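Asker: Sequence:
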Amino acid sequence: MSNLIFQKKSKMLNLYSRLERNNNENIYVEPSLLAVDFKRLESGCSGLYGSCNGAIYNSRETFMNHKGEATISPNTLLDKIIYESSENIILETINTHSGEKSKIKTKKLILGCGAINTSKLLLKSFKDVESIHIRDSQGFRIPLIDITLAGLFGKSYDETELTNFYLKTKVDEFLVHGQLYFSGEYVKNQISKQYHIPKILLSNLLNIMYIYQGYLPSKYSSIGKLMIRNNKFDFKTVKKYDKKFLHKLVNYNNHFFRKSKLFQMNVMRDISDIFIVYHFGAISLLSND
Numbered sequence: 315m316s317n318l319i320f321q322k323k324s325k326m327l328n329l330y331s332r333l334e335r336n337n338n339e340n341i342y343v344e345p346s347l348l349a350v351d352f353k354r355l356e357s358g359c360s361g362l363y364g365s366c367n368g369a370i371y372n373s374r375e376t377f378m379n380h381k382g383e384a385t386i387s388p389n390t391l392l393d394k395i396i397y398e399s400s401e402n403i404i405l406e407t408i409n410t411h412s413g414e415k416s417k418i419k420t421k422k423l424i425l426g427c428g429a430i431n432t433s434k435l436l437l438k439s440f441k442d443v444e445s446i447h448i449r450d451s452q453g454f455r456i457p458l459i460d461i462t463l464a465g466l467f468g469k470s471y472d473e474t475e476l477t478n479f480y481l482k483t484k485v486d487e488f489l490v491h492g493q494l495y496f497s498g499e500y501v502k503n504q505i506s507k508q509y510h511i512p513k514i515l516l517s518n519l520l521n522i523m524y525i526y527q528g529y530l531p532s533k534y535s536s537i538g539k540l541m542i543r544n545n546k547f548d549f550k551t552v553k554k555y556d557k558k559f560l561h562k563l564v565n566y567n568n569h570f571f572r573k574s575k576l577f578q579m580n581v582m583r584d585i586s587d588i589f590i591v592y593h594f595g596a597i598s599l600l601s602n603d
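Residues 315 to 603 in the numbering used here are what the sequence shown lists, from first letter to last.
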């Protein structure tokens with residue numbers, strides 16, 4: 315793990331330097347921490363979601379090196395837990411290729427399936443668990459325009475597609491985490507998908523546009539209730555995110571950005587639906603997969 319290394323001609327370095335000058339105890343920028351060997355990173359490796367020549371860390375290798383005597387069961391879905399006693403736990407599994415069912419007996423069980431899948435497993439396994447409340451940390455996005463027009467006609471020399479840095483904002487007792495993303499394919503996809511800007515304008519706007527992506531603390535985020543009825547999952551939102559907290563956060567950031575010659579496009583603010591951001595270990599709330 316090391317701080318992101320900005321290239322000398324990087325647009326993000328220029329932006330970071332301007333913001334850093336306005337750092338204070340309540341709101342400040344930091345370089346992102348990345349598990350990347352920049353010396354091995356090839357110029358053609360544009361994304362951080364795929365390793366080019368092993369320059370980007372992948373947890374699989376570390377896991378395999380440290381598993382010791384453990385047996386890995388590939389293509390095995392844990393479908394249900396039968397808890398007979400503290401000394402006798404039975405796991406019902408399904409082979410995802412053949413569909414064959416089998417049982418595994420154990421005395422100890424550690425669940426690490428993510429908030430959603432762990433909840434599903436408990437609901438399927440224990441009849442006395444009728445519902446489970448899950449808190450989100452909802453993501454939201456706000457486009458930013460660089461009103462200095464820096465880099466409008468120049469080429470960017472940022473090393474990776476997902477070059478970004480952190481913005482930390484203190485709101486009440488919370489330190490809210492956000493990121494500013496380099497205006498590459500990720501930002502282009504987010505903008506075109508969410509804001510419906512014509513492509514003929516998009517290529518020009520990208521040179522002076524960035525995305526601030528933040529995450530609400532779970533206390534102020536939406537809460538959902540997951541249930542199982544007739545062997546089918548059901549879900550409903552029982553609490554919406556706190557609009558007052560979000561408004562306060564956006565105002566703090568807006569003042570900070572203005573001092574750094576960035577225009578925050580509040581009218582285009584977009585907050586994700588509950589459990590849409592991919593941090594919970596499940597693609598779908600209601601599927602059995």
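Note that these hints are calculated values from the structure, not bench results. This structure is a prediction, so every number in the text was calculated from the model and none was measured. From the three backbone atoms N, C-alpha and C, an ideal C-beta is built for every residue, glycine too. A portion of the hints provided could be inaccurate.
[As the list claims (entries may be wrong)] Cβ pair distances, simulated, as ranges:
(1) H447 <-> R354: 22 to 28 Å
(2) D584 <-> N545: 20 to 26 Å
(3) G368 <-> I418: 31 to 37 Å
(4) K353 <-> S387: 34 to 40 Å
(5) L347 <-> C427: 21 to 27 Å
(6) G426 <-> N379: 30 to 36 Å
(7) I537 <-> T462: 37 to 43 Å
(8) V552 <-> D584: 18 to 24 Å
(9) K381 <-> L463: 20 to 26 Å
Asker: Give a verdict on every hint.
Answerer: Structure-based check of each hint:
Our hint of 22 to 28 Å for H447 and R354 is violated, since their Cβ atoms are close to 45 Å apart. Taking the beta carbon of each, D584 and N545 are about 35 Å apart, not inside 20 to 26 Å as hinted. Evaluation of the 31 to 37 Å hint for G368 and I418 yields a pass: the beta carbon distance comes to about 34 Å. Distance hint for K353 and S387: a CB-CB separation of about 37 Å, consistent with the stated range 34 to 40 Å.
Between L347 and C427 the Cβ separation comes to about 26 Å, which falls inside the hinted range of 21 to 27 Å. The beta-carbon spacing between G426 and N379, approximately 18 Å, falls outside the hinted interval of 30 to 36 Å. Evaluation of the 37 to 43 Å hint for I537 and T462 yields a pass: the beta carbon distance comes to about 41 Å. Take V552 and D584: their Cβ atoms lie about 23 Å apart, and the range 18 to 24 Å holds.
Restraint check, K381 to L463: a C-beta distance of roughly 53 Å breaks the suggested window 20 to 26 Å.
Comparing the model with each numbered hint stated earlier shows that hints 1, 2, 6, 9 do not hold.
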